[in-house]
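J.: Chains A and B, in that order, are what the protein sequence lines are. For the first sequence, our numbering begins at 187 and goes up steadily by one. For the second sequence, our numbering begins at 187 and goes up steadily by one.
Just so you know, the hints here were simulated from the structure itself, not pulled from any lab data. Errors might be hidden in some of the hints.
All copies of an identical chain are treated as equivalent in the list; a pair is satisfied when it fits inside any one copy or across any two copies.
Claimed, not checked - Pairs of lysine to aspartate or glutamate, DMTMM-like flavour, derived with a Cα cap of 25 Å:
| id | residue 1 | residue 2 |
| --- | --- | --- |
| 1 | 306 | 232 |
| 2 | 306 | 317 |
| 3 | 306 | 291 |
| 4 | 319 | 251 |
| 5 | 204 | 251 |
| 6 | 331 | 283 |
| 7 | 306 | 323 |
| 8 | 331 | 251 |
| 9 | 203 | 317 |
| 10 | 306 | 188 |
Here is what each chain is made of, one letter per residue.
2 protein chains.
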Amino acid sequence: MDLVDQHYMQQALNEAKKGLEADEVPVGAVVVVGGRIIARAHNLTERLRDVTAHAEMQAITAAADFLNGKYLIGCTLYVTLEPCVMCAGALSWSQLDRVVFAASDSKRGFLQAGVSIHPKTKIQSGLLANEAKALLDIFFTTKRK
Amino acid sequence: MDLVDQHYMQQALNEAKKGLEADEVPVGAVVVVGGRIIARAHNLTERLRDVTAHAEMQAITAAADFLNGKYLIGCTLYVTLEPCVMCAGALSWSQLDRVVFAASDSKRGFLQAGVSIHPKTKIQSGLLANEAKALLDIFFTTKRK
């Protein structure tokens, strides 16, 4: 396992934990370029009452703002859950170099939907997946009670 | 052709024209519920330097803000161009009643990508498609010069 990738995914997990504490579906994301985190975000769909406020969407917007350009060429996005169709579409438009996600989402994930991200973008998955899934399990178990 | 639908699509076209005047890809959208327009938006990807700033995304966020709730149940979104994968994913999360789009997008549209919107959501297309396409043609012809 790449220690650098593990470090950044841990940062995304820290964002997901902030989401859990705020009673949001705990998904976190960071965007990295040149060894530097330029955006951190967690899901805010409840607080903003906005279905588009996924961690990835906010991370893309924040990273583009930081870079002062809409394309995230050279960037890697680390996210704790497989992106949904909306987020995969946004990631495709952003043309970033790599997407690394932790846990898979067999119901809402982009892979089962047959959606592809930009051909330039490398996809990796499974890194710290158990840790990411554990946070989601805590959230949904609490919700069901 | 339904005159009510035509009226609202004309409003979406007016938004698209504002986009054209602002040197944005001219796509406009409105969200309607109970005979009232609750959100108007046009593409702002250049001004905001943000690939997620499509007309539909902004219209969804604005409509949810107006309704003070994240689901757009009972709403219809009129948009001048077939939604992309990102926007179709967002529309699916929003659970709105109907999506009416004007021009088709054979390259970037959600239909060719095999993406489906929420099963509750009715889809209609082709309304004022020539008018919508004419605006896009003006934009891209100017860009190529």
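J.: Each hint should be assessed against the structure and marked as holding or not.
T.: Consistency of the hints with the structure:
For a Cα distance limit of 25 Å, the shortest separation of residue 306 from residue 232 across copies, 22 Å, qualifies, whereas the shortest one inside one copy, 33 Å, does not. For a Cα distance limit of 25 Å, the shortest separation of residue 306 from residue 317 qualifies neither inside one copy, at 28 Å, nor across copies, at 34 Å. In this assembly of identical chains, the alpha carbons of residue 306 and residue 291 lie at most 25 Å apart whether taken from the same copy (23 Å) or from different copies (22 Å). In this homomeric assembly, residue 319 and residue 251 never come within 25 Å of each other (Cα to Cα): the closest approach is 30 Å inside a single copy and 31 Å across copies.
Both within a single protomer and between protomers do residue 204 and residue 251 lie at most 25 Å apart by alpha-carbon distance, with minima of 22 Å and 23 Å respectively. In this homomeric assembly, residue 331 and residue 283 never come within 25 Å of each other (Cα to Cα): the closest approach is 41 Å inside a single copy and 30 Å across copies. When the C-alpha separation of residue 306 and residue 323 is checked against a cutoff of 25 Å, the pair qualifies neither within a copy, at 33 Å, nor between copies, at 28 Å. With identical chains, the CA atoms of residue 331 and residue 251 are never at most 25 Å apart, being 40 Å at best within one copy and 29 Å at best between copies.
Proximity of residue 203 and residue 317 under a CA criterion of 25 Å is satisfied intra-copy only: 10 Å inside one chain copy versus 48 Å between copies. Only within a single protomer do residue 306 and residue 188 lie at most 25 Å apart by alpha-carbon distance; the minimum there is 21 Å, versus 43 Å between protomers.
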